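Residue strings, one per chain:
2 protein chains.
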Amino acid sequence: MPQKVRIALDAMGGDVGASVVVPGAAISLKRHPDSEFLLFGDSKQIDEQLAKYPALKKASRVVHTDVTISMHDKPSQALRRGRKNSSMWLAIDAVKKGEADVAVSAGNTGALMAMARFHLHTMPGIDRPAIAGVWPTARGDSVVLDLGASIGGDAHHLVSLAVMGSAMASVLFGLKRPTVGLLNIGVEEVKGGEEIRKASEQLRAMNLPELDYIGFVEGDGIGAGAADVIVSEGFSGNIALKSAEGTARQMADFLRNAMASSWQSKIGYLFARSAFKALREKLDPNKSNGGMLLGLKGLVVKSHGGINAEGFAYAVDVGYEMVRCDLLTKISALVQAQIAQEVVS
Amino acid sequence: MPQKVRIALDAMGGDVGASVVVPGAAISLKRHPDSEFLLFGDSKQIDEQLAKYPALKKASRVVHTDVTISMHDKPSQALRRGRKNSSMWLAIDAVKKGEADVAVSAGNTGALMAMARFHLHTMPGIDRPAIAGVWPTARGDSVVLDLGASIGGDAHHLVSLAVMGSAMASVLFGLKRPTVGLLNIGVEEVKGGEEIRKASEQLRAMNLPELDYIGFVEGDGIGAGAADVIVSEGFSGNIALKSAEGTARQMADFLRNAMASSWQSKIGYLFARSAFKALREKLDPNKSNGGMLLGLKGLVVKSHGGINAEGFAYAVDVGYEMVRCDLLTKISALVQAQIAQEVVS
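As given, the protein sequences belong to chains A and B, one line each in that order. Under UniProt numbering, the first sequence is numbered contiguously, ending at residue 345. Under UniProt numbering, the second sequence is numbered contiguously, ending at residue 345.
These are computed hints drawn from the structure, not numbers from a lab. These numbers were taken from a predicted model, which means no experiment stands behind them. Accuracy of the hints is not assured; some may be wrong.
[Said to hold, decoys possible] Cross-link-like lysine to any residue pairs, in silico, SDA-like; alpha carbons within 20 Å at most:
1. B:K191 <-> A:K277
2. B:K191 <-> A:S70
3. B:K191 <-> A:K191
4. B:K277 <-> A:F276
5. A:K198 <-> B:S150
6. B:K277 <-> A:F271
7. A:K191 <-> B:K74
8. A:K277 <-> B:N257
9. B:K191 <-> A:L79
10. A:K277 <-> B:S150
[Stated by the list, open to error] Only part of the chain A face toward chain B is listed, based on derived beta-carbon distances under 10 Å:
11. G152
12. A155
13. H156
14. S232
15. D253
16. S261
17. S262
18. F271
19. A272
20. A278
21. A333
22. Q336
23. I339
[What the hints assert, rightly or not] Anything over 10 Å on all C-beta distances counts as not near chain B; from chain A, calculated:
24. E188
25. A258
26. F276
27. E321
28. K330
Where is the CB? At the ideal position from N, CA and C, for every residue including glycine.
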């Protein structure tokens, strides 16, 4: 076994803080006993929780800080107020200093993005970082990015997203040459803005050995599993994600009401309980939790803020796996290959 | 009873043409006996179908043309090849000449948009037309626009969309002052691109008596029914729509598989059949068919291309209702009020 995976946790992030972060870490530790943790935040609250999880306590070190970034702080406020001393900053700082392999936070997305970018810096060749998530589809899972780290972007940005997303899909799903599609409002070559059409031409021309560019994918192609990696600038990527989440919730509510509408349907529900349980598990947002911040000189995972311990554990799992697969080296190599190709062409 | 509603139909549009358009018109005529139809296309095919629907035949006039716009024609090709003589053009032309009150086509969206814009022109104050649809939400129905007529747009464009969408919601849902939200990647004032933030400020400052601007709405707010009208430029609007459609399809497939997975769940399905039927009807894409082209000096409805007769009938219904509510006059008045406000401010 290689050395342990060292995970830095922002113990105060999210809507609930230590009472979710610590039990979540405990769950993940059971699945990956070769993890160890650095916990940043209010040591009283953290220790109180750790007392309930002796195995985790043995694998953890607590670093106290009073300063917490709230879910409502603007990125600029967070940087001004929480630089150097907030639990979020300290978790990122541990990665920067090489004391941890990955940082995980359920805190404010904008603040996390701003701090991570400010402190870790972007990789050479990457202008702006991105958030990538795993999307459950009809064909298995796909990597979708950018889910809202930045708005807009030129063809170079979109090609970078394609390259980083493929690296993540190849290590996460064990694929040699993941298929990649660009999110667009039609599949014909003439659709979309100039930057998308240019990115499409470039991806085709580069014909990279690490990814198989398949062309444009429409919004309903994501859930259909049209490609292993779906690429979009962050505005539309975020709209696609939230719109899908909203529809899933709406359908689940409607189904629940329909099943409670008559005695026949209630009996039907009892018979089909295991089928409904499978459906619920499939759609459990906790299970697709954990957005990777890509394009930085260090690994950072963003967990949803309003999540339970099981959900936070999934985000920690994502961080663990990305360390074990050496995602950073892989992305870095691919980005360099992309740049070399762009210089040549 | 006022005079009849005169509906021009592109009988060759869509994947199937007259065999869906004619039976669809027959269904709509039953619901609105005060309609009459102008059918453009291959008279042999149309007459063959009309023979099956004597009531519709009595209320229809057929105008023959050999020229059909295919689903694959680019807008520029369609304009070059199909101007003056295609079934799609002739339906729009009937509106232009005042021989019909509304045109309905299941043909190629890009071609329809290009022809409608070229021939009918946009209203004064409107730069680009939009496609608006009715979205079934947890709270009832909402109007969502632009679903893909054009990409991007400045604050003025977004405010115009808000005004046109409110006019549609007020006549369609009988609301005095519909709530309006701008689609964004967060609800805080600092989120989104400059044009969205500026549009938000303008809508707040204008405080129009015809609409109640409530601020930003995220992707999952659409299905939650956060506002009666959801406004977005066409790229993100299209992505939101397709992403939601894809998720609904994915969940329906998964549910079907889950219900067939064991004898218990199959029995459960039998008991809960009526609940599932209600769910299926709720999610039937045929029932939310009919995108309004807004911002033109004439009414045009776009039906989905791959639809059945029942679905096409819904698109015809939408056209009928928009004529009866005098949508055009309402939108035109609201747009003028918007311009007056902008000039003053």
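The hints, checked one at a time:
In summary, the hint linking B:K191 to A:K277 is not supported, as the alpha carbons are separated by about 37 Å, beyond the 20 Å threshold. Distance restraint check for B:K191 and A:S70: the Cα-Cα separation of roughly 17 Å lies within the 20 Å cut-off, and the hinted pair is therefore satisfied. The suggested pairing of B:K191 with A:K191 is violated, with an alpha-carbon distance near 27 Å, which exceeds 20 Å. Annotation: proposed proximity of B:K277 to A:F276 holds, straight-line Cα distance about 17 Å (limit 20 Å).
The hinted pair formed by A:K198 and B:S150 meets the criterion: a straight-line CA distance of about 18 Å does not exceed 20 Å. Simply put, B:K277 and A:F271 have alpha-carbon atoms about 18 Å apart, close enough for the 20 Å limit, and the pair holds. For the hint linking A:K191 to B:K74, the alpha-carbon distance of about 10 Å falls within 20 Å, and the restraint holds. Taken as a hint, the A:K277 and B:N257 pair is honoured in the structure, with Cα atoms around 13 Å apart against an allowance of 20 Å.
Proposed proximity of B:K191 and A:L79 is supported: the alpha carbons are some 17 Å apart, at most 20 Å. The straight-line distance between the Cα atoms of A:K277 and B:S150 is roughly 42 Å, outside the 20 Å bound, and the hint therefore fails. Checking A:G152 against chain B: minimum C-beta separation of about 7 Å stays under 10 Å; hint holds. For A:A155, the suggested interface contact is broken, since its CB lies about 15 Å from the closest CB of chain B, more than 10 Å.
Annotation: A:H156 was flagged as interfacial toward chain B, and the flag is violated, the nearest CB pair being 19 Å apart, outside 10 Å. The interface hint given for A:S232 is met, as the beta carbon of that residue sits about 8 Å from the closest beta carbon of chain B, less than 10 Å. Among the interface hints, the one on A:D253 holds; its C-beta lies about 6 Å from the nearest C-beta in chain B, closer than the 10 Å criterion. Given hint, A:S261 at the interface with chain B, holds; its Cβ is 6 Å from that chain's nearest Cβ, closer than 10 Å.
Residue-level restraint check for A:S262 holds (minimum Cβ-Cβ distance to chain B is 7 Å; threshold 10 Å). At a threshold of 10 Å, the smallest CB-CB gap from A:F271 to chain B is about 3 Å, leaving the interface hint in force. Hint on A:A272 holds. Least Cβ distance to chain B is approximately 3 Å, under the 10 Å limit. Interface restraint check for A:A278: the shortest CB-CB distance to chain B comes to about 5 Å, inside 10 Å, so the restraint holds.
Hint on A:A333 is violated. Least Cβ distance to chain B is approximately 31 Å, over the 10 Å limit. Proximity of A:Q336 to chain B is violated relative to the hint, the smallest CB-CB distance being about 31 Å (cut-off 10 Å). Interface restraint check: A:I339 against chain B, minimum CB-CB distance 28 Å, threshold 10 Å, status violated. A Cβ of chain B approaches the Cβ of A:E188 within 10 Å, the least distance being about 8 Å, so the stated non-interface status is violated.
At roughly 4 Å, the least C-beta separation between A:A258 and chain B is not larger than 10 Å, which violates its mark as non-interface. Distance to chain B contradicts A:F276 as a non-interface residue, since its nearest Cβ pair spans about 7 Å, not more than 10 Å. A cut-off of 10 Å between C-beta atoms confirms that A:E321 is not in contact with chain B; the least separation is 25 Å. With a closest Cβ-Cβ approach of about 28 Å to chain B, A:K330 is found to remain outside the 10 Å limit, as its non-interface label requires.
Consistency with the previously given hints fails for numbers 1, 3, 10, 12, 13, 21, 22, 23, 24, 25, 26, ordered from lowest to highest.
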